[in-house]
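**Student:** Could you build the full structure based on these sequences and the hints that come with them?
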Amino acid sequence: MGRCGILYVEDYSPSGGRHLYIPLVERVTAAEAREVVEAMTLLAPSLDPGPHQNVTDGCIRVPGSAHKSGGHQILTTPLSTAYDTLRRRNDAETLNALRRALAPELRRRRDLTARSARLATLAAAPGGNPLTFGGSQSPLRVVARTGLYDANRYASASEARLAVLNHFASCGWTLEQVRNEMAGQFPGLAALYKGKDHTDRLLDQEWTNACGWVQKKPPTKTGANSFLINDTSPPKPTGGAAKYISKAGVHQLVNDLENVLYAVLDHRLKERGREGLSLRLLLRAVLGYMRTMETDLLDVGCRTFAGALGKHHGTVARLLPALQAASDGILTKVSDARGRNADAYLVQLPPHFEQLARDLSWRPGKIYGIRPVFRVLGDVAALTYECIERGRVSPTTADIVRSTGLSRSAVDKAVAEMATHNMIQRSHGGWTLVAATSLIALARRLGALDDAAEQITRHRLQRARWHAWLDRHLVPELTENEMYDAEADTHWFPPDEDDGTYAGHLWMAA
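Numbering (the numbering used here), first residue to last: 13 to 522.
Worth flagging that the hints you see were computed from the coordinates, not collected in a lab. Certain hints may be false.
Below, a list of computed lysine to aspartate or glutamate pairs in the EDC-like style, where the Cα atoms sit at most 20 Å apart [claimed, not checked]:
#1 378 - 424
#2 345 - 308
#3 206 - 171
#4 206 - 268
#5 80 - 60
#6 208 - 171
#7 259 - 308
#8 282 - 411
#9 206 - 193
#10 206 - 216
#11 425 - 411
#12 378 - 216
#13 259 - 193
#14 425 - 123
**Tutor:** As structure tokens, this is what we get:
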């Protein structure tokens with residue numbers, strides 16, 4: 013609040029709580045005050061929004077009031093400062109500055125309210141079950157929020173907090189982010205320590221252990237498939253003249269395909285409306301996995317693509333065949349999914365695009381499916397941000413519309429919302445990125461990281477159920493001994509020529 017210039021008065025309760033009073037020049041409705049206070053609770057979970065959630069009973073004790081446990085509310089702000097604050101008050105511009113600072117939390121609160129209303133509607137419908145429509149929440153995040161853990165799984169609080177730290181380390185968090193969230197949305201993690209001294213003494217070492225466990229490489233596989241290092245070892249078969257592309261060749265192929273994507277395919281797919289937006293982002297996810305896996309043969313499952321795009325895996329399963337048909341020879345399905353293996357796709361540069369890819373220069377920067385923050389802001393905002401990020405000059409709104417093929421109204425809405433979250437800013441008529449704004453931190457404030465973690469947890473449970481079903485029902489493959497018995501008489505002895513039956517058959521055949 014100090015950064016926004018908010019004037020407030022503070023008092024102290026004998027029970028240990030504190031009250032903050034923010035006097036205003038202009039009156040606001042109860043709904044507006046409740047929206048701001050509930051958004052602040054997403055930053056400070058210990059904040060009680062109760063007084064602003066009930067217009068009839070939302071009363072608190074003012075400074076000097078008697079407390080039910082004995083004593084009085086004590087004013088901690090100096091009396092002269094409190095008098096000056098109550099006399100001058102906060103104007104509308106100061107309140108708007110607070111709203112701008114809380115823009116991610118305001119957006120997240122509205123989304124949570126809409127989701128709760130939707131689940132309540134589904135539960136009230138005949139045969140409705142809200143659990144079938146909602147995502148499963150990560151158990152470790154619940155432990156980090158509440159401090160409650162399953163005693164059958166974790167023998168002590170030490171093991172529970174180590175599991176939480178391992179989870180955060182695998183999600184790419186830093187120690188500074190963990191410290192900040194222990195005083196923010198994850199107070200339960202702090203409760204798993206015995207106190208501040210205990211936290212200061214153990215957190216650094218436990219975080220180092222968690223990072224070491226996450227970065228630990230699996231043991232290398234040894235045995236018949238391992239290469240021998242002596243010169244007399246027999247050469248391994250090469251499999252004939254199979255086509256092979258090096259890792260450097262894969263990166264060059266991705267660069268060429270990015271040029272084709274931006275120059276041709278984006279403008280072809282824009283004619284498909286909302287489906288075209290999803291196809292464009294799905295093709296970006298394909299190229300991103302190509303660069304990460306360093307191969308042109310992808311066997312990535314629909315749920316993996318769904319996690320990269322923030323969509324349902326059923327939607328991805330519908331989009332993949334459409335993308336293969338619309339890619340003009342870039343994406344080709346070479347094998348169907350079977351058992352634990354996903355569909356395999358070959359990604360290549362068709363001959364009719366080779367000259368175009370050779371004439372265009374490669375663009376710097378990474379290519380993404382959907383970064384977590386755009387799970388909340390949407391596909392249009394993702395393409396708009398990419399155009400600003402990868403543009404050679406700061407583009408204007410008209411340049412973004414022309415480059416992305418999006419409508420002017422959609423781009424105007426996207427840049428306005430991103431400017432509200434301080435992701436971009438207008439400079440000399442064009443749009444530039446705000447380097448100081450972290451997309452990961454913004455995604456955390458918008459709740460996008462929680463949604464991504466819930467989706468990953470849900471997919472893991474679904475894969476586990478599918479693998480368990482395969483283990484129960486999949487017929488094991490027959491070995492060579494089961495298919496052929498070398499000692500069995502499988503050859504045919506012809507009958508004797510003196511046999512009348514044999515001669516009769518020959519006569520009949522004649």
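**Student:** Would you mind marking each hint as holding or not holding in the structure?
**Tutor:** Taking the hints in turn, this is what the structure says about them:
Proposed proximity of residue 378 and residue 424 is contradicted: the alpha carbons are some 25 Å apart, above 20 Å. With a C-alpha separation of about 12 Å, the suggested pairing of residue 345 with residue 308 holds against the 20 Å cut-off. Of the pairs offered as hints, the one joining residue 206 and residue 171 holds, with about 14 Å between alpha carbons and a cut-off of 20 Å not exceeded. A distance of roughly 56 Å separates the Cα atoms of residue 206 and residue 268; the hinted pair therefore is violated under the 20 Å criterion.
Only pairs whose Cα atoms come within 20 Å are accepted, and residue 80 paired with residue 60 is accepted, the gap being roughly 19 Å. Between residue 208 and residue 171, the direct Cα distance comes to roughly 18 Å. Compliance with the 20 Å bound is thereby established for this hinted pair. At roughly 9 Å between alpha-carbon atoms, residue 259 and residue 308 fall within 20 Å of each other, so this suggested pair holds. Taken as a hint, the residue 282 and residue 411 pair is honoured in the structure, with Cα atoms around 16 Å apart against an allowance of 20 Å.
For a cut-off of 20 Å, the pair hint linking residue 206 to residue 193 stands: about 17 Å separates their Cα positions. Taking the CA atoms of residue 206 and residue 216, the gap is near 15 Å; set against the 20 Å cutoff, the hint holds. At roughly 15 Å between alpha-carbon atoms, residue 425 and residue 411 fall within 20 Å of each other, so this suggested pair holds. Note on residue 378 and residue 216: the hinted pairing is violated, with a Cα-Cα distance of about 32 Å set against a maximum of 20 Å.
Using a Cα cut-off of 20 Å, the hinted pair residue 259 and residue 193 is violated, with the two alpha carbons roughly 39 Å apart. With a CA separation close to 17 Å, the supplied pair residue 425 and residue 123 stays within the 20 Å bound.
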